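Visitor: Residues in the first sequence are numbered from 1 upward in steps of one, following the UniProt record's numbering.
The hints are simulated quantities; they were obtained by calculation from the structure and are not laboratory data. Since the structure is predicted, the reported quantities are computational estimates derived from the model, not experimental observations. Each hint should be verified, as a subset may be incorrect.
[Unchecked claim] 30 Å max Cα-Cα, derived DSBU-like pairs, lysine-lysine:
(1) K121 - K81
(2) K232 - K288
(3) K165 - K121
(4) K280 - K312
(5) K235 - K351
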Amino acid sequence: MFNFLDNFDIETFQKDLLSWFSRHKRDLPWRRTKDPYHIWVSEIMLQQTRVETVIPYFERFLEEFPTIEALAEAGEEKVLKAWEGLGYYSRARNLQTAVREVKESYGGVVPDTEDEIATLKGVGPYTAGAILSIAYNKPVPAVDGNVMRVLSRILFIEEDIAKAKTRKIFEQAVREMIPPDSASNFNQALMELGAIVCTPTSPACLLCPVQKECRAFHEGMQEQLPVKAKKKPPKPVKIAVAVLENAKGKFLINRRPKEGLLANLWEFPNCEVEAGKDYKEQLQSFFKNECQLNAVLHEEIMDFDHVFSHIKWELSVFRGTFNNNVMENEEIKLVNLQELQRFPFSVSHKKIIRRLVKWNSD
DNA sequence: TAAACGTGGCT
DNA sequence: TAGCCAAGTTT
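Put together the whole structure using the sequences plus the hints.
Guide: Listed below in structure tokens is the structure:
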């Protein structure tokens, strides 16, 4: 179907790459285990997330949930708290769903076939290949952004790697290149090369173990590859937030909806501000009309931006009080500053909490 | 197919 | 600074 491998010396490439990997691979926590569950956790955490960020989360997560059974039996709130700050929180909820499925349907053993593992929530084509190859040494592709970048340069592939269907081209190439008995090391080596040598900007071609097999380097085109379409900038959204404290020093917090952005995380009550409207007035009418809450808003205490991948929150935070008898339930809590710390919050709301804690200690 | 879905570090 | 990027998946 494709001819990118015509006249390509696969065996020399394998040997040079694997030899380099054995000497230069980083000592990472998930490289000290073959436990498929631990490998799985690492792969989910590493999705769109840097290695240095993941390491402490990985250590803490497996300390708290060391086995499939432990994670399967945990409360979702505990899992989200362990994931707090890591982002893409559906990963955590999907992981727990999938682990429960493995416990119920596979006797607690992570499946080792492409068809079975691909059915698990949160396990897409990359993660399926990563677990099968790294934990079970099965010769299947694990094509992530690193692999597409590396191979786009090595094989001079000019397809747009931002397009979903492009991944299949690279999977086909890997299926033809992967050594049947060294799948784990080969896939990890491709990714490691992308992380350490064949970087997005300023690749270290002079240190590259497969420089002589690289068609882009041969043409001086390594900086031009891979081809990747630009994504559109995040859309600005104005958010007005209220830090409401009652006479007993309790703060009002609520749980976010169970789907969508930051699903099931906790937050201070807030609303979106319509274009051209005043933050404080919008917030005041939000409480009056939509919450039936008798809130009195005071001065603005914070003003900052928080950027997601597709949205930019422009937050303005107001201090305030309330004197209703608020009914606590699964979605609404009244908690003091210490109790706040037990709930999972997104980073933007954690930032507000940090400010409150600082003031409280001053 | 393309948009939704987080965060922090680097240039 | 503002944009780009990192071991992607779901809908």
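Visitor: None of the hints should be skipped; say for each whether it holds.
Guide: Now for the hints, and whether the structure bears them out:
Only pairs whose Cα atoms come within 30 Å are accepted, and K121 paired with K81 is accepted, the gap being roughly 20 Å. Straight-line distance between C-alpha atoms of K232 and K288 comes to about 36 Å, which puts the hinted pair past the 30 Å bound. With a CA separation close to 21 Å, the supplied pair K165 and K121 stays within the 30 Å bound. Note on K280 and K312: the hinted pairing holds, with a Cα-Cα distance of about 19 Å set against a maximum of 30 Å.
Under the criterion of a C-alpha separation no larger than 30 Å, the hint pairing K235 with K351 is consistent with the structure, at around 21 Å.
Figure legend: structure checked against the earlier numbered hints; the only hint not met is number 2.
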